[in-house]
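Number of protein chains: 2
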Amino acid sequence: MAKQADRYFEVHPWKIIEEGFDPDYSEVAESVFSLGNEYMGIRGFFEEGYEGDSLVGSYFNGIYERDPKGKSYKGVVDATEYMVNSVNWLSTEITVAGEKLELSKVKICDFRRELDLKTGILTRSFIWLLKDGKGIEVSFERFLGMENSHMGFSKLSLRPINCSVEAYVTVKLDFSIIHKAVNKCMWNTERGVADGNYISILGMTKTTGQKVFSSALINADNILSEETVIDQNVVGKSYVLDLKERENTYVTRVVYNTISKALPGSKEYDECAINFIKEIDNSKNLLKDTDYETEKFNTISWWDKAWKQSDIEIEGDEENQQGIRFCIFQMYQTYHGAEKGTNIGAKGLTGEAYNGNAFWDTEVFCLPFYIFNDLKAAKNLIMYRYLTLPEAKERAKDLDCNGAFYPIATISGRECCNLWQHASLQLQASTAVAYGIWMYVNITKDRDFLLDYGLEMLIEISRMLLSRGDYSQDGKNFGYYCVMGPDEFQMMVNHNFYTNYMAKWTFEYTISCLNEYEENGEARVKKLIERLNVTEDEIKSWQRAAARMLIIKDKATGVYEQHEGFFKLPHVDVDKIPIEDFPLYNHWSYDRIYRNDMIKQPDVLMAMLLHNSDFTEEELKANYEYYEPKCIHESSLSPSVHSILACQLKKQEESYKFFKFATRMDLDNYNRNTCEGLHTTSIVAAWMNIVYGFGGLRSDGKVPEISPQIPEEWTRYTFRFLYGDDVVIAKVDHDNLSVKTLKGHVVDLKIYGKDVAVSGKESKIKLK
Amino acid sequence: MAKQADRYFEVHPWKIIEEGFDPDYSEVAESVFSLGNEYMGIRGFFEEGYEGDSLVGSYFNGIYERDPKGKSYKGVVDATEYMVNSVNWLSTEITVAGEKLELSKVKICDFRRELDLKTGILTRSFIWLLKDGKGIEVSFERFLGMENSHMGFSKLSLRPINCSVEAYVTVKLDFSIIHKAVNKCMWNTERGVADGNYISILGMTKTTGQKVFSSALINADNILSEETVIDQNVVGKSYVLDLKERENTYVTRVVYNTISKALPGSKEYDECAINFIKEIDNSKNLLKDTDYETEKFNTISWWDKAWKQSDIEIEGDEENQQGIRFCIFQMYQTYHGAEKGTNIGAKGLTGEAYNGNAFWDTEVFCLPFYIFNDLKAAKNLIMYRYLTLPEAKERAKDLDCNGAFYPIATISGRECCNLWQHASLQLQASTAVAYGIWMYVNITKDRDFLLDYGLEMLIEISRMLLSRGDYSQDGKNFGYYCVMGPDEFQMMVNHNFYTNYMAKWTFEYTISCLNEYEENGEARVKKLIERLNVTEDEIKSWQRAAARMLIIKDKATGVYEQHEGFFKLPHVDVDKIPIEDFPLYNHWSYDRIYRNDMIKQPDVLMAMLLHNSDFTEEELKANYEYYEPKCIHESSLSPSVHSILACQLKKQEESYKFFKFATRMDLDNYNRNTCEGLHTTSIVAAWMNIVYGFGGLRSDGKVPEISPQIPEEWTRYTFRFLYGDDVVIAKVDHDNLSVKTLKGHVVDLKIYGKDVAVSGKESKIKLK
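From first to last, the protein sequence lines are chains A and B. The opening position of the first sequence corresponds to residue 212 in our numbering, with each subsequent residue numbered one higher. The opening position of the second sequence corresponds to residue 212 in our numbering, with each subsequent residue numbered one higher.
Treat the hints loosely; a few may be bogus.
Just so you know, same-sequence chains aren't split out, so a pair can sit in one copy or run between any two.
[Claimed, not checked] With a straight-line cut-off of 20 Å between C-alpha atoms, the simulated DMTMM-like cross-links for lysine to aspartate or glutamate are:
hint, residue 1, residue 2
1, Lys977, Glu923
2, Lys737, Glu313
3, Lys590, Asp659
4, Lys318, Glu358
5, Lys285, Glu699
6, Lys861, Asp343
Derived by calculation from the structure, the hints in this document are not laboratory data. Owing to the predicted nature of the structure, the values given are computational and were not obtained by experimental measurement.
So that you can see chain A by itself, here it is in the shape it has in the complex (with noise of 0.2 Å):
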């Protein structure tokens, strides 16, 4: 069931191109040219406002609003909490002769949008042919701000080319926005202020009572007259513009946008929530003070830092060159260790599915991209899970464990996933967070990191671990009953291969971690374990359990049971399903997936990756051909597993098959549905897929290995990630692999297995 591309915008290495409008693509578009800085996300969508398919979507990373779901057994989530559609702060109101400007009625030509990937600028251009024979040509340009992730940035220019005319146009912020998944406006707001050019506009969530601030400086070109609009839910400017022939008007607005996250009644909330008159002088004196040119300047700066460090060049290709950096693009304006205390949307911040909920993708698969392109955001990405630590030992309580039990999907810590079944039976977010944990001190040697903040996690783990767990009846094994593992479809298994050895890891890497300090006599775990009351008897469960742990495996093939008689399950053929069952979801009663031996996403293959230095190539082998002809790849995070396993056993053929357009899965509208957003968490596999499937890059050993191969498709390509005090660039084309550093430090990989000292200076391996 090869999936097919979709094609709409035009291939260029650095831009993502749109040469003409066609409104079947509108929404497509408005995902694909969404702008994020990790503090807030904009779509694409058009400021002058769209009549036809059109997803007006401005987001902001941890403004949520809660559905209540009622009352239900114990452990179910009674509440889920989505991300929530806010303040539409690049509205824009354009009339000219009487016609307003909307793209679904009015006549235009020359249409070109572009989004440049290289320097974070929107822009849109089109010429207005109004009724009476008059000409306009619009454009507009958008860009935000990377350093003050508070900022947005917004132009407008209007040029006439055969008249001069006057132009009515209102700018606006405007809560007034409807959140689409619920079909309501999720605001109230404080009545607006206008004071000369500046507007502002406090607007509070309904049911969570959080708070978004939204100032703006308008400056207009040729203003013949203005007023101030205030309405429920909006406060804007309208001018009357004198617009001369054949030169530009422009109308700027630089934007200041702040939120508070406290819930009422909080401790938090007291202290910090939003002081609108407070927020009034504080913006007004920022706004004054900021320069749209400067800001775009620093905003290119910004970016063009971010390529030195993470661009990848790929010849031969120039889809998945295209391909690839949007997915960079995208992983950077999502996240970048802007703000405490936030995470990463399975959607990024480009839509409402997944209700902006964070899952264990972001420790799995994000989390490697942070470490090796951007220390920053992969510390606060797992100071995301030390925040919220409070909220998992909620959460294991409700569950009746000890310790933490971090949630499946979230976006406060929250649990928000109210199908139980993945609620209470998936344990991998927990295990995915010691696994972070470890693998970030694992590379970056953030020795504090793990003192002041990873063990105290690690300990609340395995203190749920071991609650949830359990011996068999005859005392022999542990492991976890009753659990779902990454397989989705197998729903309430006992022994899952994923789940007992990630929790045997995770009790190990604690102990070890306990033991290393408490040895070198490291005062802060001392206090550490007396603050938990972590007793030696607790340790020793911990050891017990996980030498007790039940892995099993078929000792004549070498392949590991998924779960406790997964081999017995019934078989059934994936080749032989009809193309038009899928999504199985929608087509096979819902208790008919879970009955057989197919798979919806790697599991034992998942865990063989994560932990790759444990497993010999020969097991690898065996568990990849004897699981991968079961997977169906329901889940979009499927295929990159099993392209860099497929990497590691030469078999280049079927990597590149399930590589092939990974980088596009957007681009090209893959899976029908980037209308809804970005797949923004499947993006960033398509990195790892480059760099840890072809690259070889390996991080679960001391130091990172790469083993590069390169794709017969491709002529060369270059891949770079941080390590150390530097950055290693990685150059493959079918001879050779040549690597150096940046910034000329040295720095200490193996390279197909091999110790090298990586300096400035280029060197060449031969390609095996």
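Add chain B to chain A, keeping to what the hints say.
Chain B alone, transformed into the frame defined by chain A:
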């Protein structure tokens, strides 16, 4: 965790007596004093209304509303249905000297309420002490038509003891009744009609559009003036009555209710739905010809006949004597084959809990009672499943199965259980239907039923069972994956013993029926095979599945494994669970319940009871002793099954411990929720407990077998059961068993394993 009695009613061999009114028990008493006649049921609420705790409940079998649940996965129901609270046809307002009679406000004494189980008559009386010193004796009487189940009767008597006074009495048919679970009135009505002392009104359910027509003829004495009351959803008559000192003034009402279950848009609706105008004529004639006292006599006679056939006498244990008669009374009230297409809700017609839905309790627990007490009811009960075969076939399609998948919870035949884990994973409703067909045919030899209805259901159930089952990976075993057996604490398991065993048996029974009648050249079978397109190959596929059905037994111990892997599950010592943890569903995290070897209700043992003769006493013993200690009896049906099997194993003490007050579950409010309605399908288990348990009745052989024992606590007991042309009466004391037939026919039975021809002449057998 022994349950505690909460006794409120007096112990009496034939009556339920409430002396003095305690508001704390108002709803418990409403449930216990419910009247029903299968067609309709009415809780024992006060005719005059009551502002304390009360559920004014009036129900019609098969009149329901729909509650949409929103779109979900395929096979997960998108709406549930609930038996909706209908017209209050007993409504009576009484005002004397400016005081309205309402027992939470006025002063009364000598309150007494009495339900005579022997006659089916409910009476209530008290003296109303008015503020001005007047005293009035108030009495109510009510009963239902048992032959003509559309009829209800009520008589009010007012007798001033120290004055003559005017009374204002309003008698109403009231559709403004609130369905408590949704806190709404679910009725639209046509404007009520009043004509002399006749009133009527037509109600339509809001979401389903079913109709209930209610009419009454009222006779009041000493009328000074009268008036018609017509209000929204209400019709009635108001009287001013001239009460004379020490004289009874009566207000009687004869009620005729009729319902149409057809849904708008269906063929039946056009043909059968109630025509208001016609019903007015009908009911007027009918009510005119109905005499209150004659009908009272008819109801008493009906009960007299029922008791002759079904009474159980217990000497030396007044509490269980009262209890078992209450149970038998309730079974007859709930169901006696009065109406086509009805079933038995878990709470009968006595409350809103369980939504009035019927479960597989019907075939497994209720059907044996009716087979041995009331054949018309027994046949009707299985015919319900034939009439709802189309819905079961639809349900099978929803679940990607062939044939018929019977619902876990239903009113209309459609699945109403919106917990997919029960509705999709429990196959026992379907196998119970097969078992019910066999049991009915085996005891009654009703060959026509089998050929005209039963066989078609068997074929469709076998088809479902083949399609829902699977062969293991190696093709050696057939069985069921991802099922929940009767033990609902093992949610999603493979090769559940009960499920596999019942399926194997169903295949074999279906095939044997086909073979037997084909050999006999039965034309109806040939026609059926053609109509359903049953092929030789299909029959072979059932044969093969039955032959390869996996039944797992530990050869060393003789214990059948409840499901594959059960023996290895973590062990929980159920005796160590703190009492405050019960019921577990309220106190344990939902998923925690499913992760160990604790069981909710018998599973292996249930199959061993249903197919008793398939297993040796030794096997039964091994399994009983293995599984009993693991069972927490969270289902109210569980203790009886254990008691019956303990009897068989001569574990007398244990058997009595499980029985103890089984008959008094509702009379003594053991579960503290009798207020919500009676545990109708649990009540029948008390009958089974005595007749199958102490009486040792087994119905799975060629002829019924009895092997009576007597609990030490009893002096003597007598039980009866219908078989062949007669009623067998068995009297058991500590020395002897005496058996005879009621009418003197000769009936072949097995007694203590030996063939005995029982006749009208009492034969004595020394008790073993």
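Evaluation of the provided hints:
1. Taking the closest pair of Cα atoms, Lys977 and Glu923 come within 20 Å of each other only inside a single copy of the chain (16 Å); across copies the shortest separation is 93 Å, beyond that limit.
2. In this homomeric assembly, Lys737 and Glu313 never come within 20 Å of each other (Cα to Cα): the closest approach is 66 Å inside a single copy and 71 Å across copies.
3. For a Cα distance limit of 20 Å, the shortest separation of Lys590 from Asp659 inside one copy, 12 Å, qualifies, whereas the shortest one across copies, 77 Å, does not.
4. Neither within a single protomer nor between protomers do Lys318 and Glu358 lie at most 20 Å apart by alpha-carbon distance, with minima of 39 Å and 79 Å respectively.
5. With identical chains, the CA atoms of Lys285 and Glu699 are at most 20 Å apart between copies only, with a shortest distance of 17 Å across copies and 22 Å within one.
6. Taking identical chains as interchangeable, the C-alpha atoms of Lys861 and Asp343 are never at most 20 Å apart, the minima being 66 Å within one chain and 103 Å between chains.
Of the hints listed earlier, those the structure fails to meet are numbers 2, 4 and 6, in rising order.
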